[in-house]
Amino acid sequence: HAASAIRQYLGGGARNEHMQLLDLNRTYYDAYLSRPYMIYKDKKGAKNRFQHIRKLWNNQDVLIVEGEHTRFGVGNDLLNNAKSVQRILTLDKNCYNVYDNLLNKVKKMGKDKLIMIILGPVATIMAYDLAKYDYWAVDIGQLDVEYEWYLRQVKERCDISYKTVSEVQKYNAIDNDFNKEYIKKYNYEIVEVVK
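All the letters of the sequence shown, read from the start, carry residue numbers 67 to 261 under this note's numbering.
Since the hints were made in silico from the structure, they are not lab data. Don't take every hint at face value.
[Stated by the list, open to error] Restraint ranges, calculated between C-beta atoms of paired labels, are given here:
1) 191 with 93: 31 to 37 angstroms
2) 190 with 79: 18 to 24 angstroms
3) 195 with 224: 29 to 35 angstroms
4) 175 with 248: 19 to 25 angstroms
5) 177 with 114: 40 to 46 angstroms
6) 258 with 113: 39 to 45 angstroms
7) 250 with 158: 19 to 25 angstroms
[Stated by the list, open to error] DMTMM-like cross-link-like pairs, simulated, lysine to aspartate or glutamate; straight-line CA separation at most 25 angstroms:
8) 113 with 233
9) 174 with 233
10) 198 with 166
11) 177 with 195
12) 159 with 258
13) 110 with 222
14) 250 with 166
Please read these numbers as outputs of a predicted model, since none were measured by experiment. Just so you know, even glycine gets a beta-carbon here, dropped at the ideal spot from N, CA and C.
Build out the structure end to end from the sequences listed, making use of the hints.
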């Protein structure tokens with residue numbers, strides 16, 4: 067399914083446009099870093115792919131920048147090997163409207179930390195802007211949702227009750243049971259909210 071979607075996208079003039087922008091003497095890396103599970107026909111290698119990706123934040127101080135219901139790593143063990151986790155929350159949608167304020171907060175709190183950004187297209191822009199100032203920033207995209215699907219061994223994208231899943235057309239209300247341990251931990255990690 068993923069291969070068909072990419073072929074459709076590259077049809078028409080898109081492939082030529084891309085080829086004009088690429089330097090064929092340069093090595094490019096996998097743009098699907100944050101999608102190590104669902105797009106693969108053979109899902110057996112997913113565990114190994116997740117283990118390699120988790121090395122990024124192994125024993126690192128991490129600052130997560132995300133929408134208020136994204137909850138990256140909440141309810142699973144994805145971030146258990148991080149030294150520490152802090153979060154800056156912002157709008158789930160249209161966060162570019164508060165971009166300058168958000169970027170300033172991230173620059174203030176993100177020095178000497180791995181900054182992981184989960185904000186759709188804004189994440190790519192922010193990672194680039196932060197890199198210009200020598201911050202270590204990664205647009206980590208859908209990695210957490212992919213990990214949730216991997217843990218469940220599902221074959222189709224599905225809803226996760228306690229976080230936003232943008233790729234599911236219809237999803238249930240987000241579970242905000244503040245008595246659950248993972249929600250308590252998540253709330254403790256929030257250091258700033260930018261709206």
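We went through each hint and held it up to the structure:
For the hinted restraint 31 to 37 angstroms between residue 191 and residue 93, the CB-CB distance of approximately 24 angstroms leaves it violated. Distance hint check for residue 190 and residue 79: the Cβ-Cβ separation is about 22 angstroms, which falls inside the suggested range of 18 to 24 angstroms. Roughly 33 angstroms separates the CB atoms of residue 195 and residue 224, a value that falls within the hinted 29 to 35 angstroms. The hinted window of 19 to 25 angstroms between residue 175 and residue 248 holds, with their beta carbons roughly 23 angstroms apart.
Taking the beta carbon of each, residue 177 and residue 114 are about 33 angstroms apart, not inside 40 to 46 angstroms as hinted. Checking the proposed 39 to 45 angstroms range against residue 258 and residue 113 shows it is violated: the Cβ atoms sit about 34 angstroms from each other. Look at residue 250 against residue 158: about 21 angstroms separates their beta carbons, and that is inside 19 to 25 angstroms. At roughly 22 angstroms between alpha-carbon atoms, residue 113 and residue 233 fall within 25 angstroms of each other, so this suggested pair holds.
A hinted pair counts as satisfied when its Cα atoms are at most 25 angstroms apart, and residue 174 with residue 233 does not qualify at roughly 31 angstroms. For the given pair, residue 198 sits about 15 angstroms from residue 166 by alpha-carbon distance, which is consistent with the 25 angstroms threshold. At most 25 angstroms may separate the alpha-carbon atoms for a hinted pair to count; residue 177 and residue 195 meet this at roughly 14 angstroms. At most 25 angstroms may separate the alpha-carbon atoms for a hinted pair to count; residue 159 and residue 258 meet this at roughly 17 angstroms.
The hinted pair formed by residue 110 and residue 222 meets the criterion: a straight-line CA distance of about 16 angstroms does not exceed 25 angstroms. Taking the CA atoms of residue 250 and residue 166, the gap is near 29 angstroms; set against the 25 angstroms cutoff, the hint is violated.
When each numbered hint is compared with the structure, violations occur for hints 1, 5, 6, 9 and 14.
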